[in-house]
Amino acid sequence: MKRTIAALAAAAAFTVSASIAGAQGYPERNITMVVPFSAGGPTDTVTRLVAESMSKDLGRQIIVENVGGAGGTLGAGRVANADPDGYTLLLHHIGMATSATLYRKLPYDTLNAFDYVGLVTDVPMTIVARKDFEPQDLKGLIEYVKANPDKVTLANAGIGAASHLCGMMFMNAIKTPLVTVPYKGTGPAMTDLLGGQVDIMCDQTTNTTKQIQAGTIKAYAVTSPEKLEVLPNVPTASEAGLPDFVVGIWHGIYAPKGTPPEVTAKLSAALQKALKDPNVVARFAELGTIPATDAEATPEGLKAKLETEVARWKPVIDGAGQYAD
Amino acid sequence: MRGFSINGRDGLCAAIFILLGVFFAMQSLGMELGTAFRMGPGYFPLVLAGFLILLGLIILVQATQYAAEPVGPIAWRGMFFILPAPIVFGLTVRGLGFVPAVFLTAMIAAFASSRMKPGIALLLVSGLTIFSVIVFSYALGLPFRRFGPWLD
Amino acid sequence: MDLFNNLALGFSTAASPWNLLFCFTGVMLGTLIGVLPGIGATATIAMLLPITFQLEPVSSLIMLAGIYYGAQYGGSTTAILINMPGESSSAVTAIDGYQMARQGRAGVALATAAIGSFFAGTVSTFLVAIFAPPLTSIALKFGAAEYFSLMVVGLISSIALAHGSVIKALAMVVLGLLLGLVGTDINTGTPRFILGIRDLSDGLNFVAMAVGVFGVAEILRNLENEQTRSVMIKKVTGLLPTREDFRRMAAPILRGTALGSALGILPGGGAILASFASYTVEKRVSKHPQTFGKGAIEGVAGPEAANNAGAQTSFIPMLTLGIPANPVMALMIGAMIIQGIVPGPNVATEQPALFWGIIASMWIGNLMLIVLNLPMIGLWVKLLTIPYYVLFPIILAFCSIGVYSVNSNVFDLYSVAFFGLIGYVLVKLHCEPAPLLLGFVLGPLLEENLRRAMIISRGDATVFFTRPISATLLAIALAVLVIVLLPSINRKREEIFVED
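In order, the protein sequences belong to chains A, B and C. For what it's worth, my numbering labels the leading residue of the first sequence as 1, then goes sequentially. For what it's worth, my numbering labels the leading residue of the second sequence as 1001, then goes sequentially. For what it's worth, my numbering labels the leading residue of the third sequence as 2001, then goes sequentially.
Quick caveat, the hints were computed from the structure, so don't treat them as lab data. Treat the hints with care, since some could be wrong.
Said to hold, decoys possible - Computed list of lysine-lysine pairs in DSS-like fashion (alpha-carbon distance at most 25 Å, straight line): (1) A:K151 - C:K2141; (2) A:K303 - A:K273; (3) A:K139 - A:K151; (4) B:K1117 - C:K2382; (5) C:K2382 - A:K131.
Just chain A, with the same shape it has in the complex (with noise of 0.2 Å):
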């Protein structure tokens, strides 16, 4: 016991330091940004085009770690134990507020494990279905659903996915219990959309946008506030019948709790700068994601998305009964 303690104060004394020493003159070397997921899926995209230009105002390569598995839990677990001196960051999605929910047994404590940066950007999620798919609109849809439940088809990318977050919600606005099949990825589910194997999908922009807008599939609505640029002809959800059906990917990024202030600070100006990089700025606008505003950009509008969005999908999860582990 008088070891654990003499060690547990050592620990404490040495980060102390540690953040001590590395507050001054941030950042004295590369950073390492953890993305809890596989390199080209589009969190990694996106992670990977804002590191870029937020290395350029940091004067430091921002590296980014791919440390894929468990739902983006793994690498949450990884950055919530690192040295809270400002060198490894995560840049998570929603999935940080879900999986407080979707996995009973974390390794880390979503709310109070880490310190924020801020809101990177939010991502709008279309309702799709097959080309040839009866309805006309989202109304049709939702009549359609009603009075055929068992013979819809729901298409998602798995437990925790985007599409399958979105799925859930719109579920629960419509109150109907469609027939939902699970893919292994975005991309196996696309494909069958596209086949014509499945009826129906929720997905992010950022995989429906093309297919959009060559015809290959059909979109009743996008799920943002306001309509896309990419995608003039598609209504809100609440336009075309499901008022306040908002959902969006948005990301983040973290560090681990007792990250000095200076350091988050810092950290938090390149952001706000990288979001308004003409290159990541054109990306973005391409994808259709939305950048965060300086505002959201900041470790306060992190804190309080985070903090809605665990409440928010709480009753959500615990309704559909389906959980990660």
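Following the hints, position chains B and C against chain A.
Relative to the frame of chain A, chains B and C by itself:
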């Protein structure tokens, strides 16, 4: 009836398959099985585990029909040094850093051979470490720390 | 003619000095990293992704594609030389390629792999160019029922991978299937067989497993009688294939190309079957199937051709639909997005220079690979004459780095050690690892598609027989089963007493 004989190698093989089959079957039974139409997580593995047990039994029966063969030498020294090598890499790469981890891993592995002399080992392992650092750390830019926090 | 104009545009794009340079850099890097054991194409591209951000989109994609087939090429080299496959396709090459190497025919095996890959690459590049759109619409007809039936064909064929006891091979396939199911069940989120280890929740790592059961086990086996064997092979006979070798490899390469091209188009995991399927076919049509597993050149030529053809045609779903067929394609899509090109069905019309440039560069890259690698064969073979006790510490260090670099997860390294032990036990028990790996790859696909088909059909099991493509595939599976079992029953007694 003549004396019971069994081919030890196949007998062991069968035993392993059967035991693994039983393990997977028991784990599967602890999960929701569902129906053939709406299969639960335990359904498919349970079927497979049953099949594995069956195949193990067939191998067991066959093993009793022909005599034992020698198993041949076993690389005890090899196992003692080779298998820990990647484990040591895993234990040290984050703490000690990339450079010491590579050095230790190769050093341990080198001693798996009775022909390896300490001098040659040191030379080989040092050269290998330098090469790896140049290729992986500098040229490819892998996100590893060369020297980890334990050495700070 | 449209095609001609398109190809002309493609070649003029790909053959610009700048792009040629990047194509060359890509295949060089790919080959170099591919030969390092444990690192496959996916890890390589993930590592090099940031480098490409500074380049023009076309150049960067040409380079990434080059890394992809370069790494696959290099992966075969490692499989042949040291029995260390980096991915499922080269696991098949390792079976006979490594045996050839042990017999002093490593040069021939490497040359065969190179020639087979080049031929397949050439044919399938033109297939991609001419038939991409119609082939895509066929691929979209494959739903869950079809994929399930396809996997059944693959599984049944896998019995032919064994050169010892058929029953043991079957048991290994089943064990592989079970190991493939370790991890989180995607339908319900239930963790299965993970024994409370969170790192297992996404399943066992294929690379760690392949490196363990093939490579580490082989190192252990070589350490058994060290006193009698200090280098891997005593004499090297002939670096290049003889006239007889060429005669024997021709038909397998043709068949492998056809099979690989067809399977590669299917985005739901067809390509991983390509090399396994080709091996099965070759063993069945061969007049001397008993040489398979003991250094049959057909067992290298066919699968290598199939693998490369499949790798090329797996670009089709990505280029025409914007859908990744495998993790490498997912990375390429990520790279495109970062470059400001969102892949989708319209890439061919919106970005013709990019689309056709990539296709043309595939052929150029394959040409570069063969030109680059044939002279290297002598060098590679020399590696085998290095004393073994010098070679294996190097192999182990590279494996450890390679496996760790994929996911930065130390658990994967523990898996290498664990599967090394398992692999060695299996070798001692005369159980072969190739069927295990095939089962492992197919396990999740088989289960997922079975359950998905049942959900979509609302529990109607007849879908497998009423959907024409699925029914045809099941008929093929049945035919294969009959063909495979008949001769093996007759031969069983002899095979049991086959000495290694």
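> Is the hinted pair B:K1117 and C:K2382 satisfied, with a Cα-Cα distance of at most 25 Å?
Replying inline: Within the cut-off at roughly 23 Å; holds.
> Do the alpha carbons of C:K2382 and A:K131 lie within 25 Å of each other, as the hint requires?
Replying inline: violated (58 Å)
>> Given the hinted pair A:K139 and A:K151, is their Cα-Cα distance within 25 Å?
In response: At roughly 17 Å apart (the allowed maximum being 25 Å), A:K151 and A:K139 satisfy the hint.
> If you draw a straight line from the CA of A:K303 to the CA of A:K273, is it 25 Å or shorter?
Replying inline: holds (20 Å)
>> Tell me if the straight-line CA distance from A:K151 to C:K2141 falls inside 25 Å.
In response: holds (20 Å)
Hint 5 from the earlier list is the only one contradicted by this structure; the remaining hints agree with it.
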